[in-house]
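Peer 1: Residue numbers (this note's numbering), protein chains in the order written: chain A, 1 to 231; chain B, 1 to 43; chain C, 1 to 224.
It should be emphasised that the hints constitute simulated quantities derived from the structure, not laboratory data.
For clarity, every value in this text was computed on a predicted model and none was experimentally measured.
Heads up, the beta-carbon is just placed ideally off N, CA and C, and yes, glycines get one too.
Keep in mind that a hint or two might mislead.
[Said to hold, decoys possible] Here chain B is said to cover these stretches of chain A; the calculated rule only asks that three of the stretch's residues, wherever they fall, bring their Cβ under 8 angstroms from a Cβ of chain B:
hint	stretch
1	3-15
2	62-72
3	87-100
[What the hints assert, rightly or not] So these bits of chain A aren't anywhere near chain C, every CB distance computed over 12 angstroms:
hint	residue
4	LEU19
5	ALA21
6	PRO39
7	SER117
8	ASP156
9	SER163
10	TRP187
[As the list claims (entries may be wrong)] Per the computed footprint, the stretches of chain C lying under chain A, defined by three or more beta-carbons under 8 angstroms from a beta-carbon of chain A, are:
hint	stretch
11	27-35
12	85-98
13	118-129
14	162-170
Spelled out, the chains give:
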Amino acid sequence: MFRIYPKTLTLFAAAAMVLMAAGQYAIWFYAPEEMTMGPVQKIFYFHLPLAWWCFVAFFGVFAASVMVLWTGKEKWDVLAGVLAEAGVLFSGLALITGSIWGRAAWNTWWTWDPRLSTTLVMWFVYSGYLVLRAADAGGAKGARMRAVLGIVAFVDVPLVFLSARLWRSIHPAVLASRSGGLEPEMWTTVWINLLAWGALFAAIVLARYHGAGFARRVEAALVRIQEKTLQ
Amino acid sequence: MNYLFIANVCVWLGVGGYVLFLARQHSVLERRVRQLEILDADE
Amino acid sequence: MRASWLAIAAKDLRLAFAGGQGPVQAVLLGLLLVFIFSLSAAPGDRFSPQQAMAIFWLCSSFAVVLIFSLLFRFEEENDTATALLLSPLPVQGLWLGKTLAGLVLLVLCQVFFFPAALVFLGLDPGGSPGGLVLMVLGVDLGLCILGGLIGAMGHGQGAKDALLTIIVFPLQVPLLLGGIRIGVGLMQGLPLADLGEWFGLVLAFDAVFSGAALFLFPHVFRGE
């Protein structure tokens, strides 16, 4: 059975709205302009929270997958799928904003940066995972198979990151490290936006979870009725 | 400045698109629930 | 009991060659890929070692998918999968056997890919042959460990097992990067010691996914 949490959802959605408004205000009016990069640096305030929460989502897929194997409960399977969806959305947006940042800052759309490359590979892995889910592969054993994929995908993350870092260290990169010194106002802006995107993330995941959970209940009920009428 | 604008458009299009997808899923769900109610009334 | 996984591997290899087929499909696909990639350079131009190595590993990566699809297809005919599950053999033994059989078949494929890369891509096998063999075996082992685990998921899925490739290829990325980088380093005459980190990475992949497979394989390959 799927429990739903409408009050929590309302809370997160409201928090997302308030925080996002505050975050937008901070980005455009509060945070000072960066000296060398100018206004383009403001992409950072979207990019960082998106990247951060996509990794939280992928870790969530892993944790939910472990719970599927452990408890066998259907709700964890649904949650894993929902988190993977949110993770692919967020990592996709993080990649796009990162690429635009790269074009503006380093004059190239794509460069071999370990973090960037790791995010791209993760995007591929979890997109594939979603395609497999959508194809409903595995039949009755499907939930277990999806759980195994969810675990294997996450186990791969550190290896991908290490290999991406090693790969680059022999090929010296053209770019200098990201500007280290952020002013205190910038940090405040970063934190507000991180929280805002976190609230939005939670609201999206919860809303989708409710929908997906309900859909499964309805399908199960339809099957039951069909079986009854056939008898 | 242009790049900042493009990045913004991309992000909000992405989030908006996903919310639309959510809305569509919910309308599909509603249709199924109505089906369920009709079948239930038949019995 | 101890050698039951060896028996599985031997059985699979016998079956693979019984029809005189063996991994012919995988070999042909790989050779075709090498040939098609050779068209991407103008006549007379040479491929860089990195390009040649990347194409070599791409072929191997495709071959692994075909090989494990073949190995798990054996268990579908006559529903021998159920028989294996009912036998006293630990399920992990089945994974080990399949991985081993896959490794033998993959190395066999590469025996064809390597000279093809020499001829068509101008791959230059300088440096230490021992290091090369070590590297190829390390990477192959990783590919087969992953192939044995994911391949079992395709078992009994009909056409849907083709979808698994979409997740297998990105998972292989660390191995492929390692294979390419070590291969290029060896061909450029770098001493093995300089490539220690990459060998460490490949070994870490083998170890991590062996552990994962030992835990997860029983969940993948089981009766209804």
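Peer 1: Now tell me if each hint is right for this structure.
Peer 2: Now for the hints, and whether the structure bears them out:
1. 3-15: violated (count 0)
2. 62-72: violated (count 0)
3. 87-100: holds (count 6)
4. LEU19: LEU19 of chain A is indeed farther than 12 angstroms from all Cβ atoms of chain C, at 33 angstroms.
5. ALA21: 37 angstroms, holds
6. PRO39: At roughly 35 angstroms from the nearest Cβ of chain C, PRO39 of chain A sits farther out than 12 angstroms, so the non-interface label holds.
7. SER117: The assertion about SER117 of chain A is violated, with a minimum of 9 angstroms to chain C.
8. ASP156: 5 angstroms, violated
9. SER163: 4 angstroms, violated
10. TRP187: Since the minimum Cβ distance to chain C is about 34 angstroms, TRP187 of chain A lies beyond 12 angstroms and the statement holds.
11. 27-35: n = 0 at 8 angstroms, threshold three: violated.
12. 85-98: violated (count 0)
13. 118-129: violated (count 0)
14. 162-170: holds (count 6)
Violated hints for the displayed structure, listed by number in ascending order: 1, 2, 7, 8, 9, 11, 12 and 13.
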